[in-house]
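Visitor: Chains as they are written, first to last, in the numbering used here: chain A, 1 to 80; chain B, 1 to 455; chain C, 1 to 384.
To be clear, the hints were calculated from the coordinates, so they are not data collected in a lab. Watch out, some of these pointers could steer you wrong.
Claimed, not checked - Capping the alpha-carbon separation at 30 Å, the derived lysine-lysine pairs in DSS-like fashion look like this:
id	chain 1	residue 1	chain 2	residue 2
1	B	K347	B	K357
2	B	K198	B	K100
3	B	K182	B	K382
4	B	K343	B	K366
5	A	K14	B	K100
6	B	K106	B	K248
7	B	K198	B	K106
8	B	K277	B	K213
9	B	K246	B	K277
10	B	K71	B	K106
11	C	K288	B	K277
12	C	K288	B	K106
13	B	K198	B	K211
14	B	K213	B	K382
15	B	K148	B	K211
16	A	K14	B	K246
17	B	K246	B	K106
18	B	K213	B	K248
19	B	K149	B	K248
20	B	K198	B	K337
21	A	K14	B	K350
22	B	K148	A	K80
23	B	K71	B	K198
24	B	K100	A	K80
25	C	K288	B	K100
26	B	K382	A	K80
27	B	K366	B	K382
28	B	K366	B	K182
29	B	K347	A	K14
30	B	K148	B	K106
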Amino acid sequence: MIAFTFNGEEVPAKEGQSVSAALIAHELRINRHTRINNEPRGIYCGIGICFDCLVTIDGVVNQRGCLTVVRSGMIVESAK
Amino acid sequence: MNFNHQIIIVGGGPAGLNAAKYAANAGADVALIDSGVRLGGQYWRHTGDEALDQSLHHNFDQGSLLIDAVKANPRITLYLESQIWSASVIDDSIVLRTSKDIFITKKLVIATGAYDRSLPFPGWDIPGVMTAGAAQALLKGSGVIAGKKIVIGGTGPFLLPVAAGMSSHGGNIVGVIEAAGKAAWGKGFGALLKNPAKALEGAGYLNTLRKRKVEMRFRQAIVQAHANADGVLEAVTIANIDAGFKIKSSYRLSCDVAAISWGFTPDNSLAGALSVKQRVNCDGAVVIDVDSNQRATHPNPAIEIFAAGESTGIGGSDLALAEGAIAGLAAAHSRHKANQLRKLRSKAQKFADTLFKVYPIADGWKSWITPSTTICRCEEVKYQALTQARETLAAETPRDAKLFTRCGMGLCQGRVCARIVSDLFDGDADERIRSNYRPIIAPITLGELAEEGLL
Amino acid sequence: MSNNSDAIVIGAGIIGVSTALALTRAGLKVLVIDRGSIASGTTSAGEGNILVSDKEPSAELTLALRSRDGWFELADEIGGGFELEAKGGVVVARTDGGVNGLRRLTADQRSAGVIAQDVGGAELRTLEPHLSHAVLSGAFYPQDAQCQPMLATAKMAQVIRTRGGRFISGATVTAILSTAGRVRGIETSQGSFNAPIVINAGGTWAGEIAAMAGSYLPIAPRRGFILVSAPTPQLIFHKVYDADYVANVASGEAALATSAVVEGTQSGNILIGASRERVGFDREIDFKVLRILARQAIELFPILSTISLLRAYRGFRPYAPDHLPIIGQDPLIEGLWHNAGHEGAGIGLAPASAELIVDGIMERTSFMDHSTFSPARFTVESKS
């Protein structure tokens, strides 16, 4: 078991899981709000095509949560 | 770093893996490039935990054997976590760039696979609505069930493994909503009977669903999604539809995940960037045009480009394996006639063609859309912006619609919405093919671009 | 429907449509023809620049100043809706030589009526907080503006239609018809159309159109690339470019000339240019050029190195050998007018160029003497 944070909240994860999967397993379904209309978005295509699963990881923006494997201590925030 | 290889294969799913194996066994020096952390593509997406993977896949042995064979082959060099962002032909060689490396070859096999095709409907952008592929990826890639109350919708045989997979791993599937009629669906099973392995597979899924009392409903479609006060999915509206996909009546079903599959569409950005000839297939998808040796057409005679798998037409893993093998042999200039493989390919192609007929997607989905339905998810362009472009700005073509509204200009560069807009504006074949032209295949930071090596 | 109009405009890009709109203001019935759809040529590759900052005192600057005002008058006239914004331009210099050159330029520009403020390093950074420390000083041009060229063209087209104007897309001009030195119409792939006035606004292909009338316009393409970033929270607040941009615009070099041009947009994407090279109509994306553009942008704004590139596209600027637009009546064929060759300034110069054409047609005094732009300057070499 490893853990990372999402917007400051600790989220458990298993080795090899994607960030999006770990968030979903923890019932965190909204990873961002859209920039124009501030609408909530969650995972959509799950395979890196749609860019809806965006999060900021360790300060780097526009990361696809569905493609990024969780690492212990990752600091994940909603995409802006 | 720069890497030169005799044959470069892009895509580590069934087609690419088999192309690599056959090309290497024919004596060629092969590179296999994939953007993922593991081989397998979408079809054989796995966690790396063998017990879990066996339970998640219908026939994981086939996949893991092939993956192991490729890994063990000394003539195959693997480049994982390598996302190609540009492809060009320079001095009679194909040059592929990732953010770290440059790959050079005169022989390329494109096996870049496909992704779920989307049909828009009111609320399809609510968190909790996702493609069936997403639900599948969550399960097979991370061992996670997408939600607590899952409805699966769309059309086609893919609904079954998605439903059965989640169900047998503890998922609560509250309904499988199939747009095709039960009779037509039964016809599909006729095709399956000619394909015993597939028939067994299908029967296995149905058995799982029956045992877990998961109900399949036919001639229905998810046409609206509803959010709760927190903004996440709480229910869908399911419609009884006619053969044209028009709504006859509807009802509400509460759920927190709607996983929807309307078939697949190839991601041929790599082919487009290289100006490889493409065409529109019978299902409306833009595919790479190949000959009987899986050879694609490119104006430069000094290079050879091949394509295999979903990128030449949606057809499933058996077809991808056969095409991959033939492409690998052809790329390696093998003299092997590959008659068995060609027979397999032919049989798989027929099966795939039957599926298109049994699970058609009719135009009536356009009637599900309302003015406030999001069409371009990335740029949040609603349908009313498109109708306004048509009415007040005289937008006639999909190109006009896209340029006047920003549809397709966001991060996904039209992968989700371009086909939708082409359909809404009756785009012709040229327009559809041009929509797939993405010289920047994947995002790259300006810093990476600025630093890039000598080519 | 009648095949007769008061005026036919060839080309539905920003120049053609602006001209057609100005003609409708003068009460004329116009027909606009394009072989593609609206703005399908260079206009759709434009950034939407409306600049006065990048021109030395000259006829072109006079045109640009008038045209800039024309854009805002146009927004009032047709109700906006094309993201017109007086964003302001910031020009920066990184060397002492560059600083001195820029000071001289701004002084000259001020005497020609441009509002140009010399800005020191500290003040520059209140305008653009993310500017590299290598930038020494610069100038601020509050008049510089930007619009969305596709929307602008489409909106103008819609107004033209409400005033009785017509558009025919997908019609390739095959002949320009004239009798005894007077134009009378055109032939196209969709039929013949008659008018006593024909305006060649064929953009990068205006030379081909002119040739159909036996006329000579030496217009050639000068390819440029633009990088488009993923949408970001606002980092860049103006159009920002290096002082060497002005020299590049004026240069006649065939070889690649690049200079850093960076700007934020309303939609959140950052646009990065600018490159100029004479490679004919080579449509291939040249990644070497993209790399230079990225490097230059990062030199101005180091923070850009972490920003993602989303797409890149190219356009073909139409230019004449003397880098001046071609605006006026054909010297040999009465009634045939040319409005072309605006190189990289087509969007900015469109309203005033249109005004000059209509003044000429209506035989009114123009706001400026535009003999410098006359097509006649090429006819000593015209083919017979």
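Visitor: Take the hints in turn and mark each one as holding or not.
Guide: Here is what the structure says about each hint:
no.: 1; hint: K347/B to K357/B; verdict: holds (16 Å)
no.: 2; hint: K198/B to K100/B; verdict: violated (41 Å)
no.: 3; hint: K182/B to K382/B; verdict: violated (34 Å)
no.: 4; hint: K343/B to K366/B; verdict: violated (39 Å)
no.: 5; hint: K14/A to K100/B; verdict: holds (29 Å)
no.: 6; hint: K106/B to K248/B; verdict: violated (55 Å)
no.: 7; hint: K198/B to K106/B; verdict: violated (37 Å)
no.: 8; hint: K277/B to K213/B; verdict: violated (48 Å)
no.: 9; hint: K246/B to K277/B; verdict: violated (35 Å)
no.: 10; hint: K71/B to K106/B; verdict: holds (23 Å)
no.: 11; hint: K288/C to K277/B; verdict: holds (25 Å)
no.: 12; hint: K288/C to K106/B; verdict: holds (21 Å)
no.: 13; hint: K198/B to K211/B; verdict: holds (20 Å)
no.: 14; hint: K213/B to K382/B; verdict: violated (39 Å)
no.: 15; hint: K148/B to K211/B; verdict: holds (19 Å)
no.: 16; hint: K14/A to K246/B; verdict: violated (44 Å)
no.: 17; hint: K246/B to K106/B; verdict: violated (50 Å)
no.: 18; hint: K213/B to K248/B; verdict: holds (27 Å)
no.: 19; hint: K149/B to K248/B; verdict: holds (25 Å)
no.: 20; hint: K198/B to K337/B; verdict: holds (27 Å)
no.: 21; hint: K14/A to K350/B; verdict: violated (42 Å)
no.: 22; hint: K148/B to K80/A; verdict: holds (28 Å)
no.: 23; hint: K71/B to K198/B; verdict: holds (28 Å)
no.: 24; hint: K100/B to K80/A; verdict: holds (27 Å)
no.: 25; hint: K288/C to K100/B; verdict: holds (16 Å)
no.: 26; hint: K382/B to K80/A; verdict: holds (21 Å)
no.: 27; hint: K366/B to K382/B; verdict: holds (14 Å)
no.: 28; hint: K366/B to K182/B; verdict: holds (23 Å)
no.: 29; hint: K347/B to K14/A; verdict: violated (41 Å)
no.: 30; hint: K148/B to K106/B; verdict: violated (50 Å)
Checked against the numbered hints above, the structure breaks hints 2, 3, 4, 6, 7, 8, 9, 14, 16, 17, 21, 29, 30 and satisfies the rest.
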